[in-house]
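Trainee: Protein sequences, first through last, are from chains A and B. When we follow the working numbering, the leftmost residue of the first sequence carries the number 233, and every step to the right adds one. When we follow the working numbering, the leftmost residue of the second sequence carries the number 233, and every step to the right adds one.
Do not rely on the hints blindly, as some may be mistaken.
It does not matter which identical chain is meant; a pair holds if it fits inside one copy or across any two.
[Said to hold, decoys possible] In the SDA-like style, the derived pairs of lysine to any residue whose C-alpha atoms are separated by at most 25 angstroms in a straight line are: (1) Lys357 - Gly312; (2) Lys357 - Asp256; (3) Lys357 - Met379; (4) Lys234 - Gly339; (5) Lys234 - Thr259; (6) Lys357 - Ile295.
No lab work stands behind these hints, which were simulated from the structure alone. Only a predicted model underlies this, so the values are computations on that prediction, with no experimental measurement involved.
Each chain is listed here by its residues.
There are 2 protein chains.
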Amino acid sequence: WKPACFFQAMQQTATHHAASWGYDFDTLLAAGQVWVLSRLRIRFDDFPTPNETAVIRTWPKGISQRVFFLRDFEFRRPDGRSLAVATSAWLLIDPAARRILRPQTLGVDVPDNGGLTALAEPLEKIAMPDDLPEALAVQAGYSAVDMMGHVNNARYVEWVCDTIPFDRYRSGRLRRLQINYLNETRPGERLLLRAGEHDGQWLVYGQNLDSSQRAFEAVAAF
Amino acid sequence: WKPACFFQAMQQTATHHAASWGYDFDTLLAAGQVWVLSRLRIRFDDFPTPNETAVIRTWPKGISQRVFFLRDFEFRRPDGRSLAVATSAWLLIDPAARRILRPQTLGVDVPDNGGLTALAEPLEKIAMPDDLPEALAVQAGYSAVDMMGHVNNARYVEWVCDTIPFDRYRSGRLRRLQINYLNETRPGERLLLRAGEHDGQWLVYGQNLDSSQRAFEAVAAF
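Make a model of the complete structure from these sequences and hints.
Mentor: This is the structure in structure tokens:
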């Protein structure tokens, strides 16, 4: 498993869990609503080998700052040993108007599970210098874009990981990753990723060269 | 499913099948042998939706041109309708010496299954002009490289698909794809993909800018 595998699994598990209480993707879309991942922070405890089984649990953790649906995740081996814990914040969006909806628009109270927590850390803005060196140019080609015409969350994680020199992976395991998704990247658009080390952390942001917006910010620690 | 999903599934299924008769990856590697995909040709009949189940069958189809292990694949829906059929050619390689081994080195006769065929088409060299326009620059970053330090077969397919304009996907479904893997791409190396239309087919090749070798050639038809 690589870091992006955890993101793919979280996306699928969250979708599956929401569908299990009636809020599947098609039902939401018919009501003019979609959930989009806004921020995610994960602590990696171990990386499974390709054929290992991971047991994933996920649960809603209430509403934050009026607009964020919080959701936590835990990944364990079948024997209970931790693989990773994560916390995430999702926005409810009107995809036609491209605006953020209040959580009440969903029409159901999402349980807060009494504050049950997998990763008890806040999902803050990332302090990001503007002068990081150029690291990688990427394009949102066909392979990066999902059915909604958006770059898949896990693909951004691949891009973040691709800015990190191979030496770094050889000398130590990735321990933590936070990524804040700021502005969507549309099909065909190009991003310039800038990255560098600050205070022992690897900082990355992606500048959309076609829209001039910042697409995402991320911080990784080894 | 996108085209690369079929390639990921084929790789896993082939590995699983070889392991089922004792030739798992670790056993082969301990004997100084690995199988690498050399050529693959696939006809797509339909693309499953994200949660659909595909039943995959694969079988060896004998030896060709003294060095190629042939292997066919078929993808079906549970009700039997075809999703895709493919034929592939694999080389047995000594990873330390980086040279091709004769199939006899494997030490077992791989059954030829009486010529049972999923896609009855030869795996030929691809006629490729040298003057295709530049389409995409990519780098073999961390996300593209597997445990062996090679770019994953499916990632090349993503790159091929990323050279094709979005308009083409909107106006018609991808019907056929052949990819010939020519020279390995090592971690960090950059490829320049050149692509264009010739006689109704989409041709792509990847030039390794660091080694000056051609990494792969591919042909797609809609």
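Trainee: Could you run down the list of hints and mark each one as holding or not?
Mentor: Tested hints:
1. Lys357 - Gly312: neither (32 angstroms within a copy, 51 angstroms between copies)
2. Lys357 - Asp256: Classified as neither; 29 angstroms inside a copy, 46 angstroms across copies.
3. Lys357 - Met379: So Lys357 and Met379 fail the 25 angstroms test inside a copy (28 angstroms) and across (34 angstroms) alike.
4. Lys234 - Gly339: Result: close neither inside a copy nor across copies, 37 angstroms intra and 34 angstroms inter.
5. Lys234 - Thr259: between (32 angstroms within a copy, 24 angstroms between copies)
6. Lys357 - Ile295: Answer is within: at 17 angstroms inside a copy they meet the 25 angstroms cutoff, but 58 angstroms across does not.
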